[in-house]
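Peer 1: Sequence:
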Amino acid sequence: MVNEERTQFECDDGNMILVASDGTAKADMLRTDCSAKSWLLVIDPEDLDDQEHPTLQRGAVETIKNLGFKFVNIALSERTYGHADVVQDIIETLDNLPRPTVIQCNTTRRAGSVLTLYHAFKDQLNYDEVQEYAIKNNLLYKDSPELVGWVNRNAPAAKPPPAFNIPEDIMKQRKAEFMEEHGSEYGYKNAIYNIRTKDFKRMGDQVYLDYTGSGQYRETQVGNCLLELQTTLFGNSHSHSPSSEATEHELNAARKHVLDHFNADEKEYSVVFTSGATGALKIVGECFPFTEKSTFAFLNVNHNSVVGIREYAHAKKATIKVMTDKEVERCLDQKCNHGAIPETPTEDPSSWDQLNLSDEHCGNAYMNEDRKTYNLFAYPPEDNFCGVKYPLDWIEKIEKVGMCGKRDWKVVLDAAAFVPTQKLDLGLHKPSFVDVSFYKMFGFPSGLGCLIARNDTLPLLQRSYFGGGTVILATIKKHFVQFARKRATRFEDGTLSFLSIAALKYGFAALRELGMDNIAAHTHTLSRHLYKRLSQLKHFNGQPVVQVFGKWETDNAEQDQGHIVTFSAYNYDSSPIGYHTIQMASAEAGFHVRTGAHCNPGGVDMYLKIGEDKVEKFARQKTSCGDDLDTAEGMHLGTVRVSCGTYSTFEDVERFCSWFEEVYVVQSEPVVDFKKIRKWKQLHALVDEVPDFQLNKLTSGSEAEN
Numbered sequence: 001m002v003n004e005e006r007t008q009f010e011c012d013d014g015n016m017i018l019v020a021s022d023g024t025a026k027a028d029m030l031r032t033d034c035s036a037k038s039w040l041l042v043i044d045p046e047d048l049d050d051q052e053h054p055t056l057q058r059g060a061v062e063t064i065k066n067l068g069f070k071f072v073n074i075a076l077s078e079r080t081y082g083h084a085d086v087v088q089d090i091i092e093t094l095d096n097l098p099r100p101t102v103i104q105c106n107t108t109r110r111a112g113s114v115l116t117l118y119h120a121f122k123d124q125l126n127y128d129e130v131q132e133y134a135i136k137n138n139l140l141y142k143d144s145p146e147l148v149g150w151v152n153r154n155a156p157a158a159k160p161p162p163a164f165n166i167p168e169d170i171m172k173q174r175k176a177e178f179m180e181e182h183g184s185e186y187g188y189k190n191a192i193y194n195i196r197t198k199d200f201k202r203m204g205d206q207v208y209l210d211y212t213g214s215g216q217y218r219e220t221q222v223g224n225c226l227l228e229l230q231t232t233l234f235g236n237s238h239s240h241s242p243s244s245e246a247t248e249h250e251l252n253a254a255r256k257h258v259l260d261h262f263n264a265d266e267k268e269y270s271v272v273f274t275s276g277a278t279g280a281l282k283i284v285g286e287c288f289p290f291t292e293k294s295t296f297a298f299l300n301v302n303h304n305s306v307v308g309i310r311e312y313a314h315a316k317k318a319t320i321k322v323m324t325d326k327e328v329e330r331c332l333d334q335k336c337n338h339g340a341i342p343e344t345p346t347e348d349p350s351s352w353d354q355l356n357l358s359d360e361h362c363g364n365a366y367m368n369e370d371r372k373t374y375n376l377f378a379y380p381p382e383d384n385f386c387g388v389k390y391p392l393d394w395i396e397k398i399e400k401v402g403m404c405g406k407r408d409w410k411v412v413l414d415a416a417a418f419v420p421t422q423k424l425d426l427g428l429h430k431p432s433f434v435d436v437s438f439y440k441m442f443g444f445p446s447g448l449g450c451l452i453a454r455n456d457t458l459p460l461l462q463r464s465y466f467g468g469g470t471v472i473l474a475t476i477k478k479h480f481v482q483f484a485r486k487r488a489t490r491f492e493d494g495t496l497s498f499l500s501i502a503a504l505k506y507g508f509a510a511l512r513e514l515g516m517d518n519i520a521a522h523t524h525t526l527s528r529h530l531y532k533r534l535s536q537l538k539h540f541n542g543q544p545v546v547q548v549f550g551k552w553e554t555d556n557a558e559q560d561q562g563h564i565v566t567f568s569a570y571n572y573d574s575s576p577i578g579y580h581t582i583q584m585a586s587a588e589a590g591f592h593v594r595t596g597a598h599c600n601p602g603g604v605d606m607y608l609k610i611g612e613d614k615v616e617k618f619a620r621q622k623t624s625c626g627d628d629l630d631t632a633e634g635m636h637l638g639t640v641r642v643s644c645g646t647y648s649t650f651e652d653v654e655r656f657c658s659w660f661e662e663v664y665v666v667q668s669e670p671v672v673d674f675k676k677i678r679k680w681k682q683l684h685a686l687v688d689e690v691p692d693f694q695l696n697k698l699t700s701g702s703e704a705e706n
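Its first residue numbered 1, the sequence shown is counted upward by one per residue in the UniProt record's numbering.
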């Protein structure tokens with residue numbers, strides 16, 4: 001162990017003595033009293049030239065050698081920490097030096113780090129094991145993580161636990177039944193398993209079911225990106241050097257890849273690259289020409305990034321309307337196409353409630369007289385909360401005919417959750433604006449999306465700010481700026497993430513290889529199976545275990561419901577099992593799912609029926625939409641969202657369902673009424689008397705106190 005002066009450490013393979021820069025003065029004592037036989041100096045070469053704080057006093061090396069130490073010096077600077085060749089030098093040197101060995105650095109903490117580095121890489125410790133080793137041996141403290149921080153940065157991450165599995169014969173039988181019914185839609189003619197073996201080695205035995213949160217990249221996809229970066233010289237595109245021209249070529253090609261994927265004619269649409277779907281929506285909200293006569297209407301189950309547009313509309317005193325799908329349909333119905341939803345003053349944000357459309361509202365018709373006043377409607381073709389799909393034919397009806405007694409509507413289609421698994425044909429359906437996120441589509445690159453804008457609508461967006469790359473010339477004394485000729489590039493401030501954009505072609509190629517129709521069939525089939533398995537689960541007393549949200553039981557479920565299965569879970573007595581409880585348990589079991597409110601306040605309001613007053617109350621107690629405050633007053637504050645994707649398999653879904661059934665379905669009446677137990681110490685005493693009791697099943701909804 002390390003003593004109070006932190007000068008000596010004993011390990012299993014012999015003594016290691018850690019000393020700082022002044023340790024040379026103790027060389028004689030170390031040789032005689034500690035029987036040290038060798039001396040390893042690990043030092044930054046720059047420290048040797050520090051005249052004010054020399055690491056070694058003049059003649060120190062000669063003194064060490066004269067005392068009979070076997071002396072070795074390794075140069076290790078901040079720039080070479082964790083380099084493979086330096087690490088190998090340390091391992092080989094310490095292995096070959098006679099023990100006990102003195103390890104000298106400019107501080108004993110640095111010496112302790114060198115020792116930790118030695119064990120981290122020699123014993124192939126992962127990140128967590130490095131931490132455990134260092135803390136156990138007094139080399140790392142919570143208040144001093146820098147001690148071996150550089151080791152932590154270079155050590156491999158801890159391997160996640162293998163996901164829950166089921167016996168092979170049972171899996172085989174269940175899959176045979178599934179394939180008999182869905183074999184033609186599932187698995188890309190069995191190619192899914194070759195793809196998973198070749199391109200998803202990193203998944204190991206994990207089960208990833210959060211494709212709405214993020215898509216997953218194929219390893220050949222990023223391998224092709226790396227090869228291109230290693231063989232092609234790219235540079236800032238705002239020039240005419242060869243590297244700039246190479247970048248400009250990739251940018252133009254990427255725009256074409258985007259338009260081709262969505263069957264959009266470049267004469268009709270332009271691509272504006274953004275930081276993501278949220279960045280695209282922000283451009284629309286920030287630049288749309290809202291006025292006091294304008295209306296911003298949006299579907300109630302939109303993502304927060306869409307809801308945020310209302311702040312721009314409100315700032316310009318536009319009318320804000322929140323609508324359900326039924327209300328939209330009624331407004332588009334011929335009998336009330338010119339009817340108006342009652343106006344609500346935007347000065348009071350509390351008035352932004354869902355609207356109650358009655359027949360008399362639809363009868364009070366009026367038409368927008370000012371054709372230069374534009375209105376904006378936003379909705380998702382598939383919501384990210386529970387995957388319900390909404391009609392794409394709304395686009396043409398709203399933009400060409402109008403609604404809510406007004407014309408001159410523009411539609412922004414939030415397609416981020418839709419396009420990873422569905423085909424969006426902009427040659428058939430032509431909204432003014434579409435936002436997408438590329439990492440949700442094919443996993444890599446992240447931090448990149450785009451706004452696809454119709455060319456006849458793009459001029460409506462009014463910019464105030466301009467940055468590098470968006471202008472041709474500007475003056476500093478006169479208030480003059482000449483924007484770029486291409487309207488799309490006027491919204492691309494600064495230098496684009498051109499290396500990420502160059503990677504898009506490999507993602508689109510991965511989607512083309514399988515085909516969007518096949519991806520849609522594959523994911524819907526798996527999601528349908530997931531829904532059926534979960535919705536059929538019952539406790540011993542017949543109480544359902546989960547409530548699944550969405551439109552899974554409509555006559556046209558394939559058209560009405562996407563690839564997301566969102567649910568809340570309940571105990572046998574109908575008390576809620578919090579989403580955070582399930583999140584932590586599923587993660588420990590090797591499953592990747594998402595829980596919380598999913599950045600969709602309208603989904604929470606519509607499906608969980610909490611009420612906005614209580615949402616405000618609970619929000620003050622929460623730190624994020626997915627934190628551990630998951631139930632309150634007997635209500636769920638969020639849900640569990642499981643989403644299948646392009647590379648999901650039957651085995652992924654079946655393993656999750658089997659695990660969930662194993663953990664949360666109570667098969668027989670509990671021997672103990674845990675609702676009456678108020679103290680955890682009482683609970684532990686009773687558990688000792690019930691050896692077959694499964695704690696995780698029967699206490700997940702208990703209110704026992706600490």
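Calculated directly from the structure, the hints in this document are not laboratory data.
Keep in mind the model is a prediction, meaning the values are calculated, not measured.
Yeah, the Cβ is synthetic: ideal placement off N, Cα and C, and Gly gets one too.
Warning: the hint list may mix true and false statements.
As the list claims (entries may be wrong) - Here are the simulated SDA-like pairs of lysine to any residue, each with C-alpha atoms no more than 25 Å apart in a straight line:
(1) K532 x K397
(2) K477 x K505
(3) K486 x G279
(4) K486 x S244
(5) K256 x K397
(6) K397 x R485
(7) K256 x T291
(8) K505 x K70
(9) K505 x F483
(10) K538 x K70
(11) K267 x K532
(12) K326 x G279
(13) K189 x L229
(14) K532 x D628
To be verified - DEER-style ranges, computed between Cβ atoms:
(15) E219 x S241: 41 to 51 Å
(16) F483 x E396: 26 to 36 Å
(17) N190 x H249: 29 to 39 Å
(18) A191 x V481: 47 to 57 Å
Peer 1: It remains to establish, for every hint, whether it holds in the given structure.
Peer 2: Structure-based check of each hint:
With a C-alpha separation of about 35 Å, the suggested pairing of K532 with K397 is violated against the 25 Å cut-off. For the proposed pair K477 and K505, the alpha carbon gap of about 43 Å is over 25 Å, so the pair is violated. In summary, the hint linking K486 to G279 is supported, as the alpha carbons are separated by about 19 Å, within the 25 Å threshold. A distance of roughly 18 Å separates the Cα atoms of K486 and S244; the hinted pair therefore holds under the 25 Å criterion.
A distance of roughly 28 Å separates the Cα atoms of K256 and K397; the hinted pair therefore is violated under the 25 Å criterion. The straight-line distance between the Cα atoms of K397 and R485 is roughly 32 Å, outside the 25 Å bound, and the hint therefore fails. Under the criterion of a C-alpha separation no larger than 25 Å, the hint pairing K256 with T291 is inconsistent with the structure, at around 34 Å. About 58 Å separates the Cα atoms of K505 and K70, which puts this hinted pair outside 25 Å; it is violated.
Among the hinted pairs, K505 with F483 is inconsistent with the structure: their alpha-carbon atoms are about 29 Å apart, more than 25 Å. Between K538 and K70 the alpha-carbon distance is near 72 Å, which puts this suggested pair outside the 25 Å criterion. Using a Cα cut-off of 25 Å, the hinted pair K267 and K532 is violated, with the two alpha carbons roughly 45 Å apart. The hinted pair formed by K326 and G279 fails the criterion: a straight-line CA distance of about 29 Å is larger than 25 Å.
A threshold of 25 Å between alpha carbons decides the hint, and for K189 with L229 the separation of about 34 Å lies outside it, so the pair is violated. Note on K532 and D628: the hinted pairing is violated, with a Cα-Cα distance of about 28 Å set against a maximum of 25 Å. The given range of 41 to 51 Å is broken by E219 and S241, whose C-beta atoms sit roughly 33 Å from each other. Between F483 and E396 the C-beta distance comes to about 31 Å, which sits within the given range of 26 to 36 Å.
One distance hint, 29 to 39 Å for the beta-carbon pair N190 and H249, holds here, with the actual separation near 38 Å. Checking the proposed 47 to 57 Å range against A191 and V481 shows it holds: the Cβ atoms sit about 53 Å from each other.
Consistency with the previously given hints fails for numbers 1, 2, 5, 6, 7, 8, 9, 10, 11, 12, 13, 14 and 15, ordered from lowest to highest.
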